[in-house]
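There are 2 protein chains.
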Amino acid sequence: MPDINNFPKHVQFLKGEIETALQKIPLDHSPNYLYNPLKYVLNGKGKRLRPILVHLAGQAFETDPQDLMKAGVAVELLHNFTLVHDDIMDGDNVRHGQPTVHKKWDNSTAILTGDGIFVLAQLMLTGLPPLVQQRFNEVTMSVCEGQGMDKEFENDSSVSMGHYLIMIGKKTGALLGLCAELGALIRDESQETAHHLFEYGLNLGLAFQIQDDLLEIFGNESSMGKSLGSDIRAGKQTALSILAREKNPDQWDNFIKENRTISKYQSYFKSNGIKSDTEKVIQHYIEKAQEGLSVIPEEKRSNLNQFTTMILNRTY
Amino acid sequence: MPDINNFPKHVQFLKGEIETALQKIPLDHSPNYLYNPLKYVLNGKGKRLRPILVHLAGQAFETDPQDLMKAGVAVELLHNFTLVHDDIMDGDNVRHGQPTVHKKWDNSTAILTGDGIFVLAQLMLTGLPPLVQQRFNEVTMSVCEGQGMDKEFENDSSVSMGHYLIMIGKKTGALLGLCAELGALIRDESQETAHHLFEYGLNLGLAFQIQDDLLEIFGNESSMGKSLGSDIRAGKQTALSILAREKNPDQWDNFIKENRTISKYQSYFKSNGIKSDTEKVIQHYIEKAQEGLSVIPEEKRSNLNQFTTMILNRTY
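Here the protein sequences come in this chain order: A and B. Sequential numbering of the first sequence, starting at 1, is according to this note's numbering. Sequential numbering of the second sequence, starting at 1, is according to this note's numbering.
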């Protein structure tokens, strides 16, 4: 095990261990109808940010690494379950640079595959404290609620930034919140400690999702693994489209009436100050996230601070 | 609480209590996109046979009724989750006499609704012993595998009765097996006891499913809540079509080449002895089911024996 104080090496080490744990899930079963797409999803190129966060936050409480791995893999499976089902609902055809399950196979296969991944997640939790299972499923319900809001918001031009923050808080936010609190829950730390860690992950998740919206316009197409501007063109709410609408509704409505190239979007958001407004919102939530870390002694906070920076600095 | 020894009254009492417990699940939340179809499904007219079995089997071990109710409601939710997703995959438009979720709303709504129901099931298990959660999810994985086999079998004329029994054993069989063993698992009875009870439910489930196939041809359309012969016409495997094919492949292939009325199917299955063959298979699994009950003292076996008879005697 490399030096826990060398952050980049430590994260690489954790990612490797997580990949190994994912590979160990026994999937050489029949029927192929279920297990072939299951293997396909779990062999996909995820960044494994969520289980890495589970480990980094749990290490601050000296939580048993094997328990952290179970919890981390469960969260990664939960995340993949939601991706497979969301991709059907949103009609997304590419994920991590490869065809989505419903595109490569069909909707029925993708529904069943998502279900199977979620059951594997539940089985991963076997042996962990009851509170872990409870919070895991409460957060999953929150993610379902967020997805319901997301669907309601499609092509609804009355959605405010406030609504949007609730929605992404229930999805990306709650899931990262869960990651951050799992180690404390396993160690039976106080409710207050767990809650602060959840707040850290929640705010980090808000910053992360809004940055995702920014990268969807200003990022690098091949690293993103999908075409730029696809969400905004499909009428999905993003932080940028909402901020643009709130700032100058008529100008924005006029702009989106026509089919625009991605560079037109980029210059609109730059010249109207939407890009810098969005960056300010991201910075705001990063700072709020850092407040949540106050429950961790300062000398143990370094890796989580570096994780926060790592997420802030991604350019793809 | 009525006399536990008056079986029909006791079952009516349990059904009422189960409906009350289902109504108590808090669903007055937003977004409507998720919670409206959730309420729609849980207000549907299910027979609640699975939670009734959980109670009847658990009562033989004097398991805490509140724990049995949690476990029973969890199983009923699991059952409904699989129905909502299976109905999308199978393109079924009517369930319990009302439009299915994907028909009344759309596929995306039905995917999310099924997911939400399954999360509610997991939350119901909060506080029950870890082994209950483990078995619950192992059986759910089995149900997913069974559904995968079911999809693979569609329009595959090489499927034997043996294949078919494995598939329905993984679906209906394993779920009823779980119902039967839950009370023993909660009371931490021996593995052997739990296993025998699972076998009881498994074999009962096989009998139940094969009888369902029989009723799909010979039942009462309005009580069934769907049109007769729809599965067999859609190329789904049923016990009757497999037995008919195995008995006389050429004659059967010739028969199904044309679009036949339900009464033509009925006379084919009667005159070729398929109806009576099917009835014999059902009787075989009922008898195997009864063997599983040997782990329960004879004086406590009465309600489960009557439950078995009740399932055998349904005519709708």
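Careful, some of the hints might be misleading.
Claimed, not checked - Reference excerpt, derived from the structure (chain A facing chain B, CB under 7 Å, subset only): (1) Tyr33; (2) Gly116; (3) Asn137; (4) Cys144; (5) Gln147; (6) Gly148; (7) Glu279; (8) Gln283.
None of these hints come from the bench; they were simulated from the model. Quantities reported herein were computed from a predicted structural model and do not represent experimental measurements. Note that the Cβ used here is the ideal one computed from N, Cα and C, for glycine as well.
Each hint tested on the structure:
Checking A:Tyr33 against chain B by beta carbon gives a least distance of about 4 Å; that is within 7 Å, so the hint holds. Interface hint at A:Gly116: satisfied, since its Cβ lies 5 Å from the closest Cβ of chain B, which is below the 7 Å cut-off. Because the closest C-beta pair between A:Asn137 and chain B is about 4 Å apart, less than 7 Å, the hint holds. Because the closest C-beta pair between A:Cys144 and chain B is about 5 Å apart, less than 7 Å, the hint holds.
At about 6 Å, the closest approach between the beta carbon of A:Gln147 and any beta carbon in chain B falls short of 7 Å, and the interface hint on this residue holds. Interface hint at A:Gly148: satisfied, since its Cβ lies 4 Å from the closest Cβ of chain B, which is below the 7 Å cut-off. The beta carbon of A:Glu279 comes no nearer than 29 Å to any beta carbon in chain B, farther than 7 Å, and the hint placing it at the interface is violated. Annotation: interface hint on A:Gln283 violated; nearest CB of chain B at approximately 29 Å, more than 7 Å.
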